[in-house]
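So the protein sequences, as listed, match chains R and W.
The first sequence: position 10 = 10 (the numbering used here), numbered continuously.
The second sequence: position 85 = 85 (the numbering used here), numbered continuously.
Simulated from the structure, these hints should not be mistaken for laboratory data.
Where a beta carbon is used, it is the ideal one built from N, C-alpha and C, also for glycine.
Wrong hints could be hidden among the right ones.
As the list claims (entries may be wrong) - Per the computed footprint, the stretches of chain R lying under chain W, defined by three or more beta-carbons under 8 Å from a beta-carbon of chain W, are:
hint: 1; stretch: 6-18
hint: 2; stretch: 32-45
hint: 3; stretch: 171-181
hint: 4; stretch: 186-198
Unchecked claim - Residues from chain W that face chain R, not an exhaustive set, calculated with beta carbons under 8 Å:
hint: 5; residue: L6
hint: 6; residue: R9
hint: 7; residue: L164
hint: 8; residue: K178
hint: 9; residue: G179
Number of protein chains: 2
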Amino acid sequence: MIIRQLFERESSTYTYLLGDEASREAVLIDPVDTELDLYLRLLSELDLRLVAALDTHVHADHITALGALRERTACTTMVGFAGEVDCASEGLEEGKIIRVGGIAIDVLYTPGHTDDSFCFLVQDGATRYLFSGDTLLIRGTGRTDFQNGDPAQLYASLHRKLLLLPDDTWVYPAHDYKGWTVSTIGEEKRTNPRLEPATEAAFIELMNNLDLPNPKMMDVAVPANRACGRQAEGRG
Amino acid sequence: MIIRQLFERESSTYTYLLGDEASREAVLIDPVDTELDLYLRLLSELDLRLVAALDTHVHADHITALGALRERTACTTMVGFAGEVDCASEGLEEGKIIRVGGIAIDVLYTPGHTDDSFCFLVQDGATRYLFSGDTLLIRGTGRTDFQNGDPAQLYASLHRKLLLLPDDTWVYPAHDYKGWTVSTIGEEKRTNPRLEPATEAAFIELMNNLDLPNPKMMDVAVPANRACGRQAEGRG
Chain R
1 MIIRQLFERE SSTYTYLLGD EASREAVLID PVDTELDLYL RLLSELDLRL VAALDTHVHA
61 DHITALGALR ERTACTTMVG FAGEVDCASE GLEEGKIIRV GGIAIDVLYT PGHTDDSFCF
121 LVQDGATRYL FSGDTLLIRG TGRTDFQNGD PAQLYASLHR KLLLLPDDTW VYPAHDYKGW
181 TVSTIGEEKR TNPRLEPATE AAFIELMNNL DLPNPKMMDV AVPANRACGR QAEGRG
Chain W
1 MIIRQLFERE SSTYTYLLGD EASREAVLID PVDTELDLYL RLLSELDLRL VAALDTHVHA
61 DHITALGALR ERTACTTMVG FAGEVDCASE GLEEGKIIRV GGIAIDVLYT PGHTDDSFCF
121 LVQDGATRYL FSGDTLLIRG TGRTDFQNGD PAQLYASLHR KLLLLPDDTW VYPAHDYKGW
181 TVSTIGEEKR TNPRLEPATE AAFIELMNNL DLPNPKMMDV AVPANRACGR QAEGRG
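Build out the structure end to end from the sequences listed, making use of the hints.
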C-alpha cells in the first residue's frame with residue numbers, strides 16, 4: 001500500500017493519500033480545498049486514480065476539498081451524516097468497509113469531538129494504521145464544546161474503542177500543532193495527558209474547563225463543509 | 001528502529017529522530033533551536049537517550065539546536081567541517097559510519113548546495129532511508145548560489161551518488177514547502193524537474209538562472225550555526 005501524509009499549514013491539517021499498488025486506485029482522507037492542485041499533481045505523478053474522498057467529520061477549521069475533488073475526478077465522497085451534507089455521495093456508519101482496490105478501510109463511529117466523527121482503520125500486512133481524525137491527537141484529543149461535541153461520548157470512543165486496538169497500531173491524526181507526525185496507540189496510552197483521568201467524570205470535568213477560543217474559520221468552514229466545500233460566494 | 005519526522009513551521013524544516021529499540025540510544029538530524037523542549041520531551045516520552053546530533057550542513061534559514069542539545073544531553077555533535085564550527089565534537093566525512101546503538105548511519109559527502117553538505121543513509125532490515133538534507137528535495141533540490149554552492153558539484157552528487165541508490169530508497173529531505181513529507185529515489189527520478197536536464201551543462205544553466213531571494217534568516221543563521229546555534233547576543 002502506498003501511504004502519504006500531507007500537511008496543510010494554515011489549519012495544521014494532515015491529509016492522507018492511500019493507494020493500492022496493484023489496481024492504482026486511491027483514496028484521500030481529510031483533503032483541504034486550498035491543496036486541490038497539489039493532490040491532483042501527486043495522484044498523477046504516482047499514477048493513481050482517485051476513487052474516493054473521505055472526511056473524518058465536518059471540520060470547523062478548514063474547508064474540505066470533497067466537492068472539488070468529486071467535480072474534478074468523479075470520485076465517491078463520504079462523510080458521516082450524508083443527509084446533512086447534501087453533496088456527499090454516501091454516508092459513513094459503524095462497521096462499514098470501504099474498498100479501494102485491495103485496500104479495506106474499516107469505519108469506526110467515534111463521536112465526542114463532534115457527533116459525526118469517524119475513524120478509519122486500515123491493515124496492510126501486519127501493519128495497522130488508524131486515521132484518527134480529531135478523536136485522538138498526538139498527546140491530545142479534539143475539543144468537545146461545539147458541533148454537538150460531548151465529553152462522555154468522547155471518553156467512550158477513546159476508552160471503549162480506540163484504546164482497545166493493539167499497542168503497535170500507528171495513529172495518524174487529522175492535526176498536529178507542534179509539528180509531530182505520527183504516534184502509536186501504546187505511546188498515547190503512556191503519554192497522552194487527556195487519557196490520564198481515571199474516570200469518565202474526571203475526563204468530563206477536564207474537557208468542560210478547557211476554555212478554548214473558537215477556531216478562526218469556524219463560521220465559514222462549518223456551513224461550507226456541509227455543502228462539500230462550496231462557500232456562499234465561492235465556486236459553487 | 002524508531003523513526004520520527006518532526007516539522008518546524010517557520011523555516012519548513014524537517015528534523016528526524018532515529019532511535020534504537022534495544023539500546024534506547026537515539027540521534028537527531030537537523031534539529032532546530034526553537035524546538036529544543038519538544039525534542040527533550042519526545043526523547044523522554046519514548047524512553048530514548050540522545051547520544052548524537054547531526055546537521056546535514058550549515059543551514060542558512062534556521063538556527064541549529066546542536067549546541068543547546070550538547071549542553072542539555074552531553075550528546076556528540078557532528079557537522080561537515082568541524083574546523084569551521086568550533087563547538088562541534090566531530091566532523092563528517094565520506095565513508096564515515098556513525099553508530100547509534102544498533103543503527104549504522106553511512107555518511108555520504110554530497111557537496112553542491114553548500115560545500116559542507118552531507119547525506120545520511122540508514123538501513124533497517126530491507127528498508128533504506130536517505131536523509132537527503134538540501135541536496136535532494138521532493139520535486140526539487142537545494143539552491144547553489146551561496147555558501148560555496150556549486151551546480152556542477154550538485155549535479156555530480158545527485159547523478160553520480162544519490163540516484164545510484166535503489167529506487168525504493170525512502171527520501172526524507174530537510175525541507176518541504178508544500179507540505180509533502182517523503183518520497184523515494186525512483187519517484188524523484190521520474191518526477192523531479194531538477195533532474196530533467198540531460199546534461200551537466202543544462203543543469204548548471206538552470207541553477208544559475210533561478211534568481212531566488214536570500215533566506216530571511218541567512219545573515220543571522222549562518223554565523224550562529226558556525227557557533228552551533230549561539231547567537232552574538234544569545235544564550236552563548
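Item to check | Earlier hints that do not hold, by number | outcome: Number 7 only.
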